[in-house]
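Q: Can you build the whole structure from these sequences, using the hints too?
Top to bottom, those sequences are chains A and B. According to the working numbering, the first sequence holds residues 58 to 232 in order. According to the working numbering, the second sequence holds residues 92 to 211 in order.
Bear in mind the hints are in silico, worked out from the structure with no lab data behind them. Computed from a predicted structure; not experimentally measured. Ideal placement from N, C-alpha and C gives every residue a C-beta, glycine not left out.
In silico DSS-like cross-links for lysine-lysine, where the CA-CA straight-line distance does not exceed 25 Å:
1) A:K130 to A:K87
2) A:K191 to B:K180
3) A:K191 to B:K166
4) A:K91 to A:K130
5) B:K170 to B:K105
6) B:K105 to B:K210
7) A:K123 to B:K180
8) B:K105 to B:K168
9) A:K142 to A:K83
10) B:K191 to A:K123
11) B:K105 to B:K166
12) B:K141 to B:K166
13) B:K194 to B:K141
14) B:K180 to B:K141
15) B:K180 to A:K130
16) A:K160 to A:K130
17) B:K170 to A:K191
18) A:K87 to A:K142
19) B:K210 to B:K194
20) B:K168 to A:K191
21) B:K194 to A:K191
22) A:K123 to A:K91
23) A:K160 to A:K91
24) B:K180 to B:K191
25) A:K191 to B:K141
26) B:K191 to A:K130
27) A:K191 to B:K191
28) B:K194 to B:K168
29) B:K141 to B:K168
30) B:K194 to B:K180
31) B:K141 to B:K170
Okay, the calculated beta carbon distance ranges per label pair:
32) B:A203 to A:K150: 51 to 59 Å
33) A:K160 to B:K105: 50 to 58 Å
34) A:K146 to B:E204: 41 to 49 Å
35) B:G131 to A:A179: 30 to 38 Å
36) A:A118 to B:E135: 45 to 53 Å
37) A:K83 to B:G131: 30 to 38 Å
38) A:H143 to B:D150: 23 to 31 Å
39) A:V180 to B:R197: 24 to 32 Å
40) A:G93 to B:R197: 43 to 51 Å
The chain contents come next:
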Amino acid sequence: MVMSGSNARGGGGSKRRTARPPTPVKITRKSLGKGGAQWVIPSNYQAVRTVLHELVILVTAAHYNKDAVFAIKLACEESIINAVKHGNKLDAKKHVTIEVWIKPDEMEVYIEDEGPGFSREAVPDPTLEENLEKCSGRGILLIESYMDGCSWDHGGRRLRMVKQNRTDTLPRRSS
Amino acid sequence: MSETMPPVSVVREKDIRIVEFTNNKILDEGNIAEIGQTLGSLIEEPGQPKLLLDFATVDHLSSAALGMLINANNKIKVKNGMLRLANIKPQIFEVFVITKLNKLFRILPTRAEAIASFKD
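A: Laid out in structure tokens, this is it:
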């Protein structure tokens, strides 16, 4: 259990942990030209963190406003984790391909897994009263709320998302 | 090998446990399980649990983190305890609103107001 030994604010007396060095992650990167980039990652969370970090760097370097960057980071984390965890079932032999096209006013993201696919219609609404206390099932809601467009094809294995670089970008809420 | 801070620190104010997140990136997948275990241990302590989660440093939140918070909330309810969330930045609060979890959790603007609300 991690717990501070002090009653004072500021975290004094916190125990320090010795971190294990991260396991090397094999990620294939490719520049696609004209604002395009591609990553092929193995199905583990460390690879997800790495590609998200690099993706945010690209979007920030393209001068996207902070609200758009927040939305892109959130939606991409949800969708890439969905691909790794629910699509590929964390199978080390399966990969997720992430492709982005970043233009000054809009970006497109494609995320494709190697799993069996799924039906969007089969995913329950997590905002219903009976689902509110369930611990999972909110990823797609967040993706659809924070991106300006999203759709699935290839049997649900590939997700396409679009986000515009607008200063008035706000998440869509369900009524 | 490098050393890292734990993702939370816990301070006590009377019978309330105040959980402070020590890293603005703590609520990503890597740390969520560890934070969930910490919260679980606090909830399992003898007596009625009173937990305050201070989000002052948090600027990123995922659905997995929300699941961890719901799990903690469910455990607290079983022990007839109380959970409060405070100091949530507007962008993060929006995530709670979109998922309608602002109806599930008791969210207060400041730590002081959250502490006062335990008397309600």
